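As given, the protein sequences belong to chains E and X, one line each in that order.
Here our numbering is used: the first residue of the first sequence is 1, the next is one more, and so on.
Here our numbering is used: the first residue of the second sequence is 1, the next is one more, and so on.
Worth double-checking, as some hints may not be accurate.
Said to hold, decoys possible - Computed list of lysine to aspartate or glutamate pairs in EDC-like fashion (alpha-carbon distance at most 16 Å, straight line): (1) E/103 - X/81; (2) X/104 - X/70; (3) X/45 - E/89; (4) X/45 - E/106; (5) E/103 - X/1; (6) X/42 - E/106; (7) E/65 - X/81; (8) X/108 - X/81.
I should point out that these hints are in silico values taken from the structure, not numbers from a laboratory.
Note that the structure is a prediction, hence the values are computed from the model and not measured.
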Amino acid sequence: EVQLVESGGGLVQPGGSLRLSCAASGFTFSSHWMSWVRQAPGKGLEWVANINQVGSETYYVDSVKGRFSISRDNAKGSLYLQLNSLRGEDTAIYYCATIVPVKCFEYWGLGTLVTVSS
Amino acid sequence: DIQMTQSPSTLSASVGDRVTITCRASQSISSWLAWYQQKPGKAPKVLIYEASTLESGVPLRFSGSGSGTEFTLTISSLQPDDFATYYCQQYNSYSGYTFGQGTKLEIK
């Protein structure tokens, strides 16, 4: 059974940092592009970042470029998102998701909540 | 960047109704479009991918159509479990994905 379990969310002050993790199991993690998607409270879905199988290609939505960094550790089956210079508008549930050819997002985690507030 | 315009934002309908949600891309995305259903407190669930391919296990009352810039999701006969929020999403390139704004399907 495929499982994606996010962790690392919490309350942080504006300008602060957090590192989110996503532990993957039940599939060949190293064979898949992976993604982070977020959802602000009561709002819609927003794609945040993609990373290829070996971590050599990364892409970001414009609003997080230069502040967020996606990475992975295939040996540990883990995906990460480093969040720096956090702003109030970054408050959201952050989901990790697997990307498969043709279908795009196939599996999603349950999400981890990041709250940016003083 | 590719923008996705989804309409309507809210849709009131009754059990048994046929409903259609539309999504327009700001440039051609071929058939690289997915539709998701999301219920409160849950992660999204894929219903349709590649514009018209039904995900395994999804009821046949859901269907998708379109290509290029215009896409539709149709639910042929609404069931009580279908009242949720629906999103379209383009995945034309790994370098950037975009979701539509969402359509909240409410009980009339």
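Taking the hints in turn, this is what the structure says about them:
1. E/103 - X/81: 23 Å, violated
2. X/104 - X/70: Not OK: residue 104 of chain X and residue 70 of chain X at ~20 Å, beyond 16 Å, violated.
3. X/45 - E/89: Given that 16 Å is the threshold and the Cα spacing comes to 25 Å, the pair is violated.
4. X/45 - E/106: Between residue 45 of chain X and residue 106 of chain E the Cα gap is close to 8 Å, so the pair holds against 16 Å.
5. E/103 - X/1: Since the Cα atoms of residue 103 of chain E and residue 1 of chain X sit roughly 20 Å apart, the hinted pair is violated (cutoff 16 Å).
6. X/42 - E/106: Given that 16 Å is the threshold and the Cα spacing comes to 15 Å, the pair holds.
7. E/65 - X/81: 38 Å, violated
8. X/108 - X/81: 14 Å, holds
Hint compliance for this structure: hints 1, 2, 3, 5, 7 are broken, all remaining hints hold.
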